[in-house]
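Start from chain R and add chains C, Y and D with the ligands according to the hints.
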Amino acid sequence: MSLAEATSGERLSLEIPPDPAHIVTARSFASGVARSLGLDDETADLLRLALSEVCSEAIEQRRGGRIVVDVSADTPLARVTVVATGVRRDQTGNHSIEATFRRSLIEALAPGATFDEQQERLTVSFTLSAA
Amino acid sequence: MSLAEATSGERLSLEIPPDPAHIVTARSFASGVARSLGLDDETADLLRLALSEVCSEAIEQRRGGRIVVDVSADTPLARVTVVATGVRRDQTGNHSIEATFRRSLIEALAPGATFDEQQERLTVSFTLSAA
Amino acid sequence: MAETDDMDLTLEDQTLGSWSILSVAGELDMHTSPALQERLEALSVGDSPRVAVDLSAVPFMDSSSLGMLVANLKRLQERGGELALVGVTGSPQKVLSITGIDRVIPAYGAASELPQD
Amino acid sequence: MAETDDMDLTLEDQTLGSWSILSVAGELDMHTSPALQERLEALSVGDSPRVAVDLSAVPFMDSSSLGMLVANLKRLQERGGELALVGVTGSPQKVLSITGIDRVIPAYGAASELPQD
Ligand SMILES: Nc1ncnc2c1ncn2[C@@H]1O[C@H](COP(=O)(O)OP(=O)(O)O)[C@@H](O)[C@H]1O
Ligand SMILES: Nc1ncnc2c1ncn2[C@@H]1O[C@H](COP(=O)(O)OP(=O)(O)O)[C@@H](O)[C@H]1O
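Chains as they are written, first to last, in the numbering used here: chain R, 25 to 155; chain C, 25 to 155; chain Y, 499 to 615; chain D, 499 to 615.
In short, the hints are calculated from the structure, not lab data. Bear in mind that the values here come from a model prediction, so they are computed numbers and not experimental data. Note that the Cβ used here is the ideal one computed from N, Cα and C, for glycine as well. Keep in mind that the hints are not guaranteed to be accurate.
If you only want the chain D side, here are some residues facing chain R, beta carbon under 7 Å, derived [as the list claims (entries may be wrong)]: (1) ASP527; (2) MET528; (3) ASP560; (4) SER561; (5) SER562; (6) LEU564; (7) GLY565; (8) SER595; (9) ILE596; (10) THR597.
Bound conformation, chain R alone (with noise of 0.2 Å):
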């Protein structure tokens, strides 16, 4: 199936512990949408990079609770929705240097996604074009 007969909406979903080993999970399903959405090898890159690092900074936020990866086949590409819940673990608002890099990389990987911070829950939410 190519994107273009995709059903527009459909969904594929991940769940996984908060948890660094389980990151790698998050790509090898990123890499099965990319076949299944027959995304092209640049753009399937692009998203398990952003999905590692959306994943890697809801880990470093927080403790306990679940990631939940959704992607929805939309216009152009794809619609990716990332909600991490758990206790936040820094309160103080100060940011690591890895925590700065990754939002570098995400605004430039997915220009125009969306932070939603509160105390316990994280949504991340971009939308994936053609790389």
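The following block gives chains C, Y and D with the ligands in isolation, referenced to the frame of chain R:
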């Protein structure tokens, strides 16, 4: 993280539409899970094949609905549960030749796999041990 | 030599003596096996057709193509033809052996080993 | 030559003239980069240590190792030493260039190109 370190009961989940195009995502998910649980290559192959078969079975038998794959770290390695919801396609109980091969493969790969079939819900469960 | 590539699966056929050899590259599952079926049917024409499927570039195969392979074996035999497999290792080998299909469809290590009598 | 292999990441070091070369094989993310940090620290000892990290066998790298690379650059420079990268292509190249780290840490195509003065 090796399996020894994996918290027992730690759960990874995947949700896909019941479309053959998305079975590749179930296999990629299996690859990621295998890496984060530290499974050896042969057991990873077994998990990829078992999930491919179970998802195919669910897709062949149902229309609409969703497929949810859950993998939990458990003794000896993991507990895998696949739940497919959707309207049952084949009311006569006739099995295609593919379904026959599929069942014998699933039984060889995951001895003791259970199939609970109901009108709108198919649940397949098995325990993963080293290949 | 004809080529089909639907991004997921690449199919190429060529003639070697009395055999049509269909080389498959990619993963064979419920999504991709219909493309293989289509090409197999197209090759199973004429008098006593001999068709060999080369699986050496198939890193993953599940049971979705088994029914089709058996049906094609039967169809080819009814026409006085033959079906054979070439380069069966790894994942295809495992699936073919668990289901016993390896005892039904003859397999050869390489296309050069196909009987040309 | 020392070797570390935690199944996900393989780290090997060897000496080439005045440089210690740490070759990384595997994906570098939040889970695996602590192992790299540990090995980098162990190599950053003595007088004016020169350490090169070979990334040619890293198919995936995200930002998790960037802070650590920059911190090691600083630490090595404080000791009169140097940090360099070798074999930067693909995913590592992309991440290093988007974040501008490629302008901070010198990179060489191959270990043989490292300055030996
Ligand atoms: N269908 C397959 N058959 C055999 N091995 C596979 C298959 N899919 C993946 N692998 C192996 O599993 C490893 C990890 O899988 P992959 O899903 O690609 O993870 P990632 O996307 O994080 O690289 C790969 O290096 C590959 O060798
Ligand atoms: N981290 C990665 N970097 C670059 N390419 C990758 C990466 N992971 C996977 N791929 C590519 O994506 C393809 C499919 O990914 P994979 O997750 O292995 O699917 P599957 O498990 O179904 O084989 C692989 O053939 C590989 O070339």
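Going through the hints against the structure:
no.: 1; hint: ASP527; verdict: holds, 5 Å
no.: 2; hint: MET528; verdict: holds, 4 Å
no.: 3; hint: ASP560; verdict: holds, 4 Å
no.: 4; hint: SER561; verdict: holds, 4 Å
no.: 5; hint: SER562; verdict: holds, 6 Å
no.: 6; hint: LEU564; verdict: holds, 5 Å
no.: 7; hint: GLY565; verdict: holds, 4 Å
no.: 8; hint: SER595; verdict: violated, 10 Å
no.: 9; hint: ILE596; verdict: holds, 5 Å
no.: 10; hint: THR597; verdict: holds, 5 Å
Violation of the numbered hints given earlier is confined to hint 8; every other hint is satisfied by the structure.
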